[in-house]
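S.K.: One letter stands for each residue in the lines below.
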Amino acid sequence: MKYNPKPADGDVNVPKVSQLLEFVHLTLGLLAIGLGLYAAMGVAVDAVVPYVPESVEKSLGTHYSNMYRGITPTARGRHLQSILDGLVKTSGLKGSYRIYLSPEPVMNALAVPGNNIIFYKGLYDRAETEQDFAYILGHELGHFAARDHLRGVGRSLVLFLFSGVLTGSNSNMSGLIMKSMQGVESTFSRERETQADLYAVDLLAAKYGYVDGARRMLEIFEKEEKGPKFLYFFAAHPMSRDRIKAVEKYAAEMDYNLKQFPNNHE
Amino acid sequence: MEVDTTKTVLAFIDRYGNMVIFLMLLATGFITGTIAEKRHYRSIVRREKEMVGLPVVTLNKLGEDEARVENVFFVSGCCVISQDYFKLVLAGIKTIFGGRLTSFETLVDRGRREAILRMKESAKKAGCDLVMNARLEMSSIGNKQGKGIGCVEVMAYGTGIKYAK
Numbered sequence: 001m002k003y004n005p006k007p008a009d010g011d012v013n014v015p016k017v018s019q020l021l022e023f024v025h026l027t028l029g030l031l032a033i034g035l036g037l038y039a040a041m042g043v044a045v046d047a048v049v050p051y052v053p054e055s056v057e058k059s060l061g062t063h064y065s066n067m068y069r070g071i072t073p074t075a076r077g078r079h080l081q082s083i084l085d086g087l088v089k090t091s092g093l094k095g096s097y098r099i100y101l102s103p104e105p106v107m108n109a110l111a112v113p114g115n116n117i118i119f120y121k122g123l124y125d126r127a128e129t130e131q132d133f134a135y136i137l138g139h140e141l142g143h144f145a146a147r148d149h150l151r152g153v154g155r156s157l158v159l160f161l162f163s164g165v166l167t168g169s170n171s172n173m174s175g176l177i178m179k180s181m182q183g184v185e186s187t188f189s190r191e192r193e194t195q196a197d198l199y200a201v202d203l204l205a206a207k208y209g210y211v212d213g214a215r216r217m218l219e220i221f222e223k224e225e226k227g228p229k230f231l232y233f234f235a236a237h238p239m240s241r242d243r244i245k246a247v248e249k250y251a252a253e254m255d256y257n258l259k260q261f262p263n264n265h266e
Numbered sequence: 001m002e003v004d005t006t007k008t009v010l011a012f013i014d015r016y017g018n019m020v021i022f023l024m025l026l027a028t029g030f031i032t033g034t035i036a037e038k039r040h041y042r043s044i045v046r047r048e049k050e051m052v053g054l055p056v057v058t059l060n061k062l063g064e065d066e067a068r069v070e071n072v073f074f075v076s077g078c079c080v081i082s083q084d085y086f087k088l089v090l091a092g093i094k095t096i097f098g099g100r101l102t103s104f105e106t107l108v109d110r111g112r113r114e115a116i117l118r119m120k121e122s123a124k125k126a127g128c129d130l131v132m133n134a135r136l137e138m139s140s141i142g143n144k145q146g147k148g149i150g151c152v153e154v155m156a157y158g159t160g161i162k163y164a165k
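So the protein lines, in turn, are chains W and Z. Take 1 as the starting number for the first sequence in this note's numbering and just add one per residue. Take 1 as the starting number for the second sequence in this note's numbering and just add one per residue.
Partial list, computed: chain Z residues near chain W (C-beta under 7 Å):
1. E48
2. K49
3. V52
4. P55
5. L90
6. I93
7. T102
8. E105
9. T106
10. D109
Under the rule of at most 25 Å between Cα atoms (straight-line distance), these lysine-lysine pairs were calculated in the PhoX-like manner:
11. K6(W) <-> K165(Z)
12. K165(Z) <-> K61(Z)
13. K223(W) <-> K7(Z)
14. K94(Z) <-> K16(W)
Derived from the structure by calculation, the hints contain no laboratory data. Every residue gets a Cβ at the ideal spot worked out from N, C-alpha and C, and that includes glycine.
The whole structure should be built from the sequences, with the hints applied where relevant.
M.R.: Okay, structure coming up:
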């Protein structure tokens with residue numbers, strides 16, 4: 001037997017496809033499937049939300065109430081509560097709503113299940129007139145009226161479950177999917193924010209006869225927005241300029257008084 | 001309801017920091033992994049050409065050549081190759097869909113060829129003319145319930161034959 005040295009084709013086991021291309025294909029496929037499933041489950045949540053019994057909402061709300069129970073009502077809190085009570089009466093919403101004034105310097109307010117509104121001190125300090133507060137509270141009541149607070153909880157739960165099932169214990173992948181979906185989730189919720197704004201405007205018009213608090217508060221928010229515009233893709237609220245435009249357009253359509261009322265600085 | 005730029009940027013980092021780190025690791029893994037792999041393959045191909053004169057066979061009998069054997073040796077070559085972060089993620093996604101794990105195929109192929117080359121180098125040093133009864137062993141390192149560091153150890157071994165000149 002004679003040996004003739006000749007190199008064999010060693011590359012027969014080396015894959016010829018580009019790994020980067022494969023990665024892009026797989027990621028896009030995964031994203032498409034994920035978005036499809038998420039949208040379907042989101043629609044399912046939206047369909048179920050109007051039928052969630054009040055008892056379920058109440059038990060969900062107890063959990064949130066416990067989180068904020070430590071905050072004792074102050075004079076400021078009572079002031080807000082009285083404005084809120086007036087608005088609830090005007091709106092015709094059922095049930096009692098509670099305010100929790102949180103000492104954190106955040107410029108925000110939240111509608112949480114169980115008819116609770118969290119009002120942050122950062123926002124309280126910036127509002128001046130009764131109508132400023134009434135606009136914020138009306139906005140949150142708008143979320144309750146549309147049951148957005150349940151939608152938010154429902155969708156977050158779907159997002160969490162979905163990413164967990166898809167990626168198993170690999171927390172990096174799960175985390176990435178959660179983060180990338182948040183941008184989409186924010187776009188959904190931006191529509192609801194605008195709806196809540198318009199609900200607040202209706203409420204202000206019904207209670208006070210003018211709606212300038214909405215525009216004034218939104219202008220305060222606008223002044224605070226200095227970051228690059230692309231970041232707002234990820235923010236739950238639309239840019240304040242867009243919200244002001246929406247409010248002005250709506251007020252014009254409904255013939256509401258957007259001018260500042262002379263005696264509103266009470 | 002955002003505040004100034006610093007706060008917005010900080011909030012962005014807080015929210016998307018993990019994703020940024022993940023993408024950076026992915027890009028680093030892809031770039032360094034590709035460079036390392038190309039460099040390794042160039043070296044493998046060059047050395048395979050250099051070593052082509054030393055045959056490696058799986059035969060375990062020499063037949064009539066046995067009378068010419070001057071000496072026999074145990075020769076072996078061993079190497080450990082690690083995956084990069086990009087390959088790990090790509091393989092992770094692939095396990096959802098199924099199919100060929102191409103990112104790991106190159107890893108295993110490189111390990112196999114490198115181990116054989118090292119075995120050949122060891123045989124050449126001993127003055128062997130042939131490596132017979134060649135075998136390959138593979139094992140993964142640090143793989144405990146799928147939470148390993150993701151690298152493969154390949155060992156090639158055989159019997160080095162030196163003929164009387």
